[in-house]
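Enquirer: As they're listed, the protein sequences go chains S and P.
For the first sequence, this note's numbering assigns the number 1 to the initial residue and increments by one for each residue that follows.
For the second sequence, this note's numbering assigns the number 1 to the initial residue and increments by one for each residue that follows.
Hint data in this document are derived by calculation from the structure and do not stem from the laboratory.
Please note: incorrect hints may appear among the correct ones.
To be verified - When the alpha-carbon atoms are kept at most 35 Å apart in a straight line, the in silico DSBU-like pairs for lysine-lysine are as follows:
1) P:196 x P:169
2) S:221 x P:90
3) S:281 x P:300
4) S:221 x S:131
5) S:221 x P:115
6) S:281 x P:169
7) S:131 x P:169
As the list claims (entries may be wrong) - Estimated spans, in silico, between C-beta atoms of each pair:
8) S:99 x P:274: 28 to 38 Å
9) P:190 x S:29: 49 to 59 Å
10) P:143 x S:285: 50 to 60 Å
11) P:172 x S:29: 51 to 61 Å
12) P:172 x S:26: 33 to 43 Å
13) P:294 x S:46: 55 to 65 Å
14) S:99 x P:227: 32 to 42 Å
15) P:226 x S:158: 30 to 40 Å
16) S:23 x P:62: 32 to 42 Å
17) S:331 x P:176: 20 to 30 Å
18) S:133 x P:62: 47 to 57 Å
19) S:222 x P:272: 14 to 24 Å
All C-beta atoms in this analysis are idealised placements derived from N, C-alpha and C, irrespective of residue type, glycine included.
In case you want the letters, here they are:
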Amino acid sequence: MKQKVTLIQSVWIVIITLTCATLLILISGASPIEAISLFFNGIFGSLNGSMEVFVKATPLIFTGLACAVAFRTGFFNIGAEGQFYIGALASAFVVLQFDSVSGVGRILLAFIAGFIGGGIWALIAAFLKSKFGISEIIVTIMLNYIAINIVGIAVRTFMMDPNGNLPQSAKIEKSVCLMQVLKPTRLHIGFFIAIAVVILVWIVLEKTTIGYELRAVGYNKRGAACNGISITKNIILSSFLSGGLAAFAGVIEVLAIQKKLVENISADCGFTGILIALLAKNHPIGVLFVAIFYASMQVGASSMQRQMGIPSSIVNILMGLIVILILGKQLIGPKKKKVREEKVC
Amino acid sequence: MLEQIITIGFLTTFFSAAVRMAIPLIYAGLGEIFAEKAGILNIGLEGVMLSGAFFAYAGGMFTGNIAIGLLCGMLGGMFISMIHGILSIKLGKDQSVSGIALNMFALGITSFLYKLISTGKTDKQVPTLSTIKIPVLSEIPIIGEGLFHQDILTYIVYILVILVVIFYKKTSLGLSFSSIGESPYAADTAGISVYKYQYISMALNGILGGLGGSYLILVQLGAFTENITSGRGYIALAAVILGRYSPVGMALAALVFGGASGIQIRLQAMGVPLPAQALNMIPYIITLLALLIFVGKNKKPESLAKPYIRGSR
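All chains, please: the whole structure from these sequences, using the hints.
Expert: This is the structure in structure tokens:
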């Protein structure tokens, strides 16, 4: 998705998407005007709603960043979901295990543990790719399922809450949860950590040699290699960073929202991160805005669902549709003579 | 516990369950083999199956007729696969991106439409296919019951697997079809219509994938829930790779995956203290190991996932 979308095409994409949204609202037997007003009301109508957008955006920012960093290097990381789970597991484990370490120190340890865990998880796929040429797409998909099941085992065995018999870990005490910033909303400090990480990633990618090499490998493997840039080293580094970032999403979900380790903790955050990265053209700042956009769509849609029964899956339809339209943009708008680009040799 | 497992009765019911779980994967896997041999990677297979499942349910629910349900399922699958086809063949876009977007789109559409047509109470069941027992063959110990006491879609897939093997190995049309995935440039030079065959392969991908999803509804479950395929499309992808792009290999790999699901259910029913998740992981771990072991003897189509642009080098 490296070509620029022309203005006419962008306008058409917006028109088509809005038309579909209206159609879907009509099919579910609701009035579009009412629905749209509920949508915006859900987001802007209350402090809770607005802050909820940032709460929901936080994990998406991390998985989006994870995918963006990986994609920039040409490493197609579909394993953000699994890396999320490993991050959640590692951080929950550290937080519950090291109860002698106090407050902030333990939180820091949890983040580090999560990052390393997720990084290693992604590293497996990168290693298999560099060493054996095995497609990272299928490896990361397999690792996703393995990670989800590992968490399932963990909450039923060594992480299980000794005081109950539900498949979940013991509750994490308040002193090590990420602090809430604006009671009574759910907004927590994780969102601001996310913004800081966005800026950090941007600096690393655009302003450092490391970032330069990562991007070079993504643009032109052979050219990079001929210039002395090690492909293997950079794919390994990129995957480790990517896995770590995705794991942060899991860490935050455990420490700020769930306050324990439990199954089904991610709500497909990892997969959504892929689409967010693509829509943001793998740019870190873009990821921030697209994640907030997506989160606001989720909040608005759930308001529409609560009050008018419009299924919230409308968000998935529209997001998928937007990506499909962007991919198919050459078919939209005024017909050009050449539909297929000529590949330059 | 071990004595309980090695009884004929246990093995027979286990094998039966393995076959039942494998059939949707085999249908989808066949569809994916057509696509990948034509050089197109369809990660959207999950969306194809889910779409097939939903429209089979909708068709069956509104008409009460299984045949119409199956037809709707096939069309539903094709809907997704042809979008992928247009983006990959006509426009030459990144096939992984397209696949993932289509999965999200399919999940959204099926969940949305399902919420609208379901009443929320006990959902209307659709009629399911009954089993047909083949005499003599179904009496074979252990495997007879599983292989020959199934429904008609299962028997059809046996025939399809054989037909696909014959198609690719023994017919010149099949040779043409597989050449476009290996070297579309050479195939084009030889006069083979690369794009046309790719579109046909994508149509088959949709039909077969849609049938895989329809099987879940019209044979196994009789009802639909959101995200009912829950990853089976990805497992079918893994089965294709594990089976090294051959229909029989893929079917055997699917059987292994089916077996892993089956054994997990049986062991749980027997009260074995292993958490279900440990057994759930087995197929995925096996896939990774198999990928490692078979490295180097790669039978992946050379031009897989590379868009073919006529006139370029």
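Enquirer: The structure should be examined with respect to each hint, and the outcome stated for every one.
Expert: Hints versus structure:
For a cut-off of 35 Å, the pair hint linking residue 196 (chain P) to residue 169 (chain P) stands: about 20 Å separates their Cα positions. Proximity of residue 221 (chain S) to residue 90 (chain P) is assessed by CA-CA distance (about 26 Å); at most 35 Å being required, the pair is judged to hold. For the given pair, residue 281 (chain S) sits about 30 Å from residue 300 (chain P) by alpha-carbon distance, which is consistent with the 35 Å threshold. Distance hint between residue 221 (chain S) and residue 131 (chain S) is fulfilled; the C-alpha atoms sit about 16 Å from each other, no more than 35 Å.
The suggested pairing of residue 221 (chain S) with residue 115 (chain P) is violated, with an alpha-carbon distance near 47 Å, which exceeds 35 Å. Restraint check for residue 281 (chain S) and residue 169 (chain P): not satisfied, since their Cα atoms lie roughly 43 Å apart, outside the 35 Å limit. Using a Cα cut-off of 35 Å, the hinted pair residue 131 (chain S) and residue 169 (chain P) holds, with the two alpha carbons roughly 32 Å apart. Against the hinted window of 28 to 38 Å, the Cβ-Cβ separation of residue 99 (chain S) and residue 274 (chain P) comes to about 30 Å, which satisfies the hint.
Roughly 55 Å separates the CB atoms of residue 190 (chain P) and residue 29 (chain S), a value that falls within the hinted 49 to 59 Å. Against the hinted window of 50 to 60 Å, the Cβ-Cβ separation of residue 143 (chain P) and residue 285 (chain S) comes to about 59 Å, which satisfies the hint. For residue 172 (chain P) paired with residue 29 (chain S), a C-beta distance near 55 Å keeps the hint of 51 to 61 Å intact. In this structure, residue 172 (chain P) and residue 26 (chain S) break the distance hint of 33 to 43 Å, their C-beta atoms being roughly 51 Å apart.
At roughly 57 Å, the beta-carbon separation of residue 294 (chain P) and residue 46 (chain S) lies within the given 55 to 65 Å, and the hint holds. Here the CB-CB span from residue 99 (chain S) to residue 227 (chain P) is close to 38 Å, well matched to the stated 32 to 42 Å. The beta-carbon spacing between residue 226 (chain P) and residue 158 (chain S), approximately 32 Å, falls within the hinted interval of 30 to 40 Å. Look at residue 23 (chain S) against residue 62 (chain P): about 20 Å separates their beta carbons, and that is not inside 32 to 42 Å.
Separation of residue 331 (chain S) from residue 176 (chain P) is about 28 Å and conforms to the stated range, judged on CB atoms against 20 to 30 Å. Checked against the hint of 47 to 57 Å, the pair residue 133 (chain S) and residue 62 (chain P) passes, with Cβ atoms roughly 49 Å apart. Checking the proposed 14 to 24 Å range against residue 222 (chain S) and residue 272 (chain P) shows it is violated: the Cβ atoms sit about 53 Å from each other.
When held up to the earlier numbered hints, the structure conflicts with 5, 6, 12, 16 and 19 and fits the remainder.
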